[in-house]
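> Here is how the chains run, residue by residue.
There are 2 protein chains.
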Amino acid sequence: MEIKIHNGKSIMAEPGKSVYQSLRDSGVYLVASCGGKGVCGKCRVKVLEGTYKTESAAKLKKKDIGDKIVLACTTFPEEDILIEIPEDSKLVIGDKIAVTKSQGLLEFLRAEEPSLTPMVRKILLTLMPPSIEDNLSDLERIKRALAENEINGMRFSHGFVQNMAGSLRQHTWSVYLTYTENREAISVVSPERARHYGLAVDIGTTTVVVYLVDCTDGTLLDSGVTYNSQMRHGDDVITRIIHATEGGALTELRDAVVNDLNGLLSPMIERNRINRDDVDCAVISGNTTMTQLFWGIDPSSIREEPYIPTVNDYPVWKAGTAKVLINQQAPVYTMACVGSYVGGDITAGVLASKMHRNPEVALFMDIGTNGEIVVGNNEWLITAATSAGPCFEGSGIRHGMRATDGAIESVKIDPETFAVELGIIGNAPPVGICGSGMIDAISELFFAGLIDQKGKFVRDLNTDRIRIEDEGPEFILHRSEEKDILLTEADIENILRAKAAIYAGMSVLLKEVGLSLNIVERIYIAGGFGNYLNIEKAIMIGMLPDMPKEKFSFIGNTSIAGAYLCLLSEKMRREAEDIARKMTYVELSVSKGFMDEYMSALFLPHTDIDLFPSLKEKYG
Amino acid sequence: MEIKIHNGKSIMAEPGKSVYQSLRDSGVYLVASCGGKGVCGKCRVKVLEGTYKTESAAKLKKKDIGDKIVLACTTFPEEDILIEIPEDSKLVIGDKIAVTKSQGLLEFLRAEEPSLTPMVRKILLTLMPPSIEDNLSDLERIKRALAENEINGMRFSHGFVQNMAGSLRQHTWSVYLTYTENREAISVVSPERARHYGLAVDIGTTTVVVYLVDCTDGTLLDSGVTYNSQMRHGDDVITRIIHATEGGALTELRDAVVNDLNGLLSPMIERNRINRDDVDCAVISGNTTMTQLFWGIDPSSIREEPYIPTVNDYPVWKAGTAKVLINQQAPVYTMACVGSYVGGDITAGVLASKMHRNPEVALFMDIGTNGEIVVGNNEWLITAATSAGPCFEGSGIRHGMRATDGAIESVKIDPETFAVELGIIGNAPPVGICGSGMIDAISELFFAGLIDQKGKFVRDLNTDRIRIEDEGPEFILHRSEEKDILLTEADIENILRAKAAIYAGMSVLLKEVGLSLNIVERIYIAGGFGNYLNIEKAIMIGMLPDMPKEKFSFIGNTSIAGAYLCLLSEKMRREAEDIARKMTYVELSVSKGFMDEYMSALFLPHTDIDLFPSLKEKYG
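Sequence order for the protein chains is A and B.
Just so you know, we're using the working numbering here: the first sequence kicks off at 1 and counts up by one.
Just so you know, we're using the working numbering here: the second sequence kicks off at 1 and counts up by one.
Derived from the structure by calculation, the hints contain no laboratory data.
Worth double-checking, as some hints may not be accurate.
For lysine-lysine, the following BS3-like pairs were computed, each having C-alpha atoms within a straight-line distance of at most 25 Å [said to hold, decoys possible]:
1) A:K571 <-> B:K143
2) B:K511 <-> B:K68
3) B:K4 <-> B:K68
4) A:K59 <-> A:K46
5) A:K143 <-> B:K483
6) B:K592 <-> B:K616
7) B:K571 <-> A:K582
8) B:K354 <-> B:K511
9) A:K511 <-> A:K616
10) A:K4 <-> A:K46
11) B:K511 <-> A:K143
12) A:K323 <-> B:K323
13) A:K9 <-> A:K53
14) A:K456 <-> A:K483
15) A:K571 <-> A:K582
Take the sequences, apply the hints, and build the full model.
In structure tokens:
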């Protein structure tokens, strides 16, 4: 059987495999916050031709069913079918995902150190060919040459030794020996191969980013980004931990993300005409769960109280062990994690922000799929993860979506007429609302008096923009014959929970060290979401603290930036390890103060308006 | 199709597979010095029923062919056949293979050091269970506990970390941590598992010997010996190197010997009710080629001038890498090799002999499949391999065989009547002649005047014991209706070559250091063959130097003895490495003096009778 996509390709459909699964296996990803379990109702497709069986229609309206709109995850073709995929069902990688450019980072490194110090070094060895009189074994011959260069204590793996003898003879005893900073030999290569390469990898819960870097001069040669294929098993880390442990799919999840990495890598290797064996080091940066899954380490204890990761400070293991298709002896460095919900991506972030080097107290926040916060300076660092959840990325919001074409990113509401003015990414017809749009919308709804301090719709207003459905009241952002774009009371509740979690997290963290938000001199906002955040609106809804706009800095994807720094500099690696060790990890979910702070922060902007002096002055 | 063995089992026969191959694949080994290539003529079987196709009968007599005797390696069944395997075609492992008992070695170790120091140590860790307040990761928790015990700098492999978290929780945070002397963690096990075990392995060209040892107290729990299955590809190391490199069968040879080891191990593990994971260290001892094949390292450069091994001083690699079925993280220590034809078995031998500790100059010789010689004392050691070849083990000798039941081990010839008196192992009817029998026979033939100084039969003597066949003259050791047991002139030539190589090797080695045989205070004879050697006769034929009998010591299989010592003692491991480093390796095949010495030693007993004063006095 086949599934033909309207204006698209045809794919194979196996009996018993849902339309969602078949599409996914052919690389066509649909939005499915629930991981394809028939719960979230987002993977809607329209069947134009052919018969099918569909199991659940709970999330669909009568009109949808009449229009032959189905949930792809619970629909099974019975013959060849032709489908149409609505724009808002398509999972499209944001081409605006912030990838910090490497140029500034490289300049920084050059200012720090006279030369680059990647994990792998090369030394040119010109060996005396063996003779009857000088009959040392090949390995002892290499050791002797290294000793003449004052390099001692080298370790030689079995893989290295197996390949060494042939390579030495092939290159007539004049070779580059590559070895790690920990003095483990990697390979013996031709003296023509002076250049070598490395990978910086950001394994996000949602996306995987790979940088291919020339380790000889630090040039960023190529980069790529793709969805983390683990997404088919749910949007958030908890769902994936459950799938890995209770679902017995640890290996499947591990292979999924490793294949994503390898898949990104192959065309880069080809484009840049690089010998795979010359890619001889890599740095992996990810949250604690992503990191454990990447290494195939059972993540179950992360989810169970007292929430303990198996490793924070990872040993350097090999690419062969990681199943990454570069030189199999290449060292793979893992950005050190801090705790169960603050991982190596945050260590990388702090490193890239440089807040750990300055005396001023700074606050770092990464609002991606999770929301992590770090407060501190060159003397102390404290961190926590907020249970913000991925709502700003569209998950759990009726018409929520990522910041891609068709997403409502800004909202204005006339307080008199309640007329709505929308800003849409790509100037396309709106198909949903992204994180910055949500923040805008709530801020506007509140100041127009459409919702109260608790985020509940004010009843009895003279507007047809608010309507009451079975599932509760909802606000019509955009009317269309095809589909209205809505923000429901349940959506608003979710967003308020997320913003309250972030604000309460910051407050509790500062209270842990006996300080208040006033002490903070600078706020770094990292993560893909960060770049499109309207700071004033975020302050208005009480998500960010009430501070002058110039104190906020957007610093993009600092996970990959930190990984890039560590790929090229030993000093940065040691600094990163130091950051991770130095950070005090607070488990907010069991913090006594947190629940009070959280409850207070659930209001708009906050129960205690004195915390928001500029708002008090402006609207008070 | 089936091959039924008379008075034995039935085995499957595939079309195109020779009888020799089919038998071999079912574990029935025939003598085949040539590796089953139709050359040596030893794998004779008699077909009792059924039709077959046979390719070569060059080595068979007319009578044999009439009796339906065929070479198994060039015979292919065409239907079910019934065969009979003559005793002298069966490859039987010598139950008399000298396995040095461990008791003396253990007493020696106890006298040397207060406690045993195997490669793997155990430490009982009682960890504080994690809590919200004490939320270190599992790995950092282990590191903290180790630091409290003043153990720092431990390395943790990926395999260790993958299994650690579950084991810690299963044993409620009270565990034994096992780790190597090089501070690499191996495993975390229940506090009930205080004992741990190790393997000492001797990989001979012909046989594989395994000791299972309790590393807690040094007890030898079990041992086993089997043929090295690589034998199917020829008796000597050169044939195997060719098969590995030109034949592309490196992996096949590697797997063959590793399977032998694993096959010996399995019943031992079962009999002793040991958890395989508690076998957590191993020592491998073998000649240079056997060692490289065991590790899957291309041995080609050993055979090509200037004869260079890939490694002499092996890093410690893991059982998982070696494919040995014990704890996959277990360190596998390899006895250091010295040169292309003097391997770790000789290092082990010197260690076991203790000649490296004494001021008196000793000579160590291991006459197994190869013949290695070491001369020296506590200040210097020099070594070489003689190209003696495996003739004393029966290879290349018409009716040569190992020292097993039915082998002629002693010969007396009346100088008047030429009547022959035979001593036969197991008091069975004779089926062939083993090494000690050959030495006896040549000595007697010479002193009875039947052969001259060059080993040629004296013509025109009045005896029917000597007869001239197409292939030359031969001496009838034993007459029988079924088969005469012979020693041919070609056999004698082979034996004289072997004894000359050994004697010349000793002389040249001593000359290299400017000494003569007079300086030697003690001669250690190691190897399976050694124990049955008649020293006086060996002196008479000029194989051993003319020294008083009490200066000779038989020390059995010192390869396994040295491996056992290294398994249990760090001091012994360091001493062994020191021995290998200290030994000067001389390549006899290119030594200028060697050819002269060899030519002189080809005579009986020697061209220069003054070198054998006792013989000169007695018979001169």
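> Now tell me, hint by hint, if it's right for this structure.
How the hints compare with the structure:
For the proposed pair A:K571 and B:K143, the alpha carbon gap of about 23 Å is at most 25 Å, so the pair holds. For the given pair, B:K511 sits about 55 Å from B:K68 by alpha-carbon distance, which is inconsistent with the 25 Å threshold. With a CA separation close to 16 Å, the supplied pair B:K4 and B:K68 stays within the 25 Å bound. Pair hint A:K59 plus A:K46 holds up; C-alpha atoms about 14 Å apart against a cutoff of 25 Å.
Of the supplied pair hints, the one linking A:K143 and B:K483 is violated, its CA atoms being roughly 58 Å apart against a limit of 25 Å. Annotation: proposed proximity of B:K592 to B:K616 is violated, straight-line Cα distance about 29 Å (limit 25 Å). For the hint pairing B:K571 with A:K582, the CA-to-CA distance comes to about 41 Å; that exceeds 25 Å, so the pair is violated. The suggested pairing of B:K354 with B:K511 holds, with an alpha-carbon distance near 23 Å, which does not exceed 25 Å.
A distance of roughly 23 Å separates the Cα atoms of A:K511 and A:K616; the hinted pair therefore holds under the 25 Å criterion. Of the pairs offered as hints, the one joining A:K4 and A:K46 holds, with about 12 Å between alpha carbons and a cut-off of 25 Å not exceeded. With a CA separation close to 31 Å, the supplied pair B:K511 and A:K143 exceeds the 25 Å bound. Between A:K323 and B:K323 the CA atoms are separated by roughly 19 Å; this keeps the pair inside 25 Å, and the hint holds.
With a C-alpha separation of about 22 Å, the suggested pairing of A:K9 with A:K53 holds against the 25 Å cut-off. Under the criterion of a C-alpha separation no larger than 25 Å, the hint pairing A:K456 with A:K483 is consistent with the structure, at around 24 Å. Distance restraint check for A:K571 and A:K582: the Cα-Cα separation of roughly 16 Å lies within the 25 Å cut-off, and the hinted pair is therefore satisfied.
In this structure, the hints that do not hold are numbers 2, 5, 6, 7, 11, in rising order.
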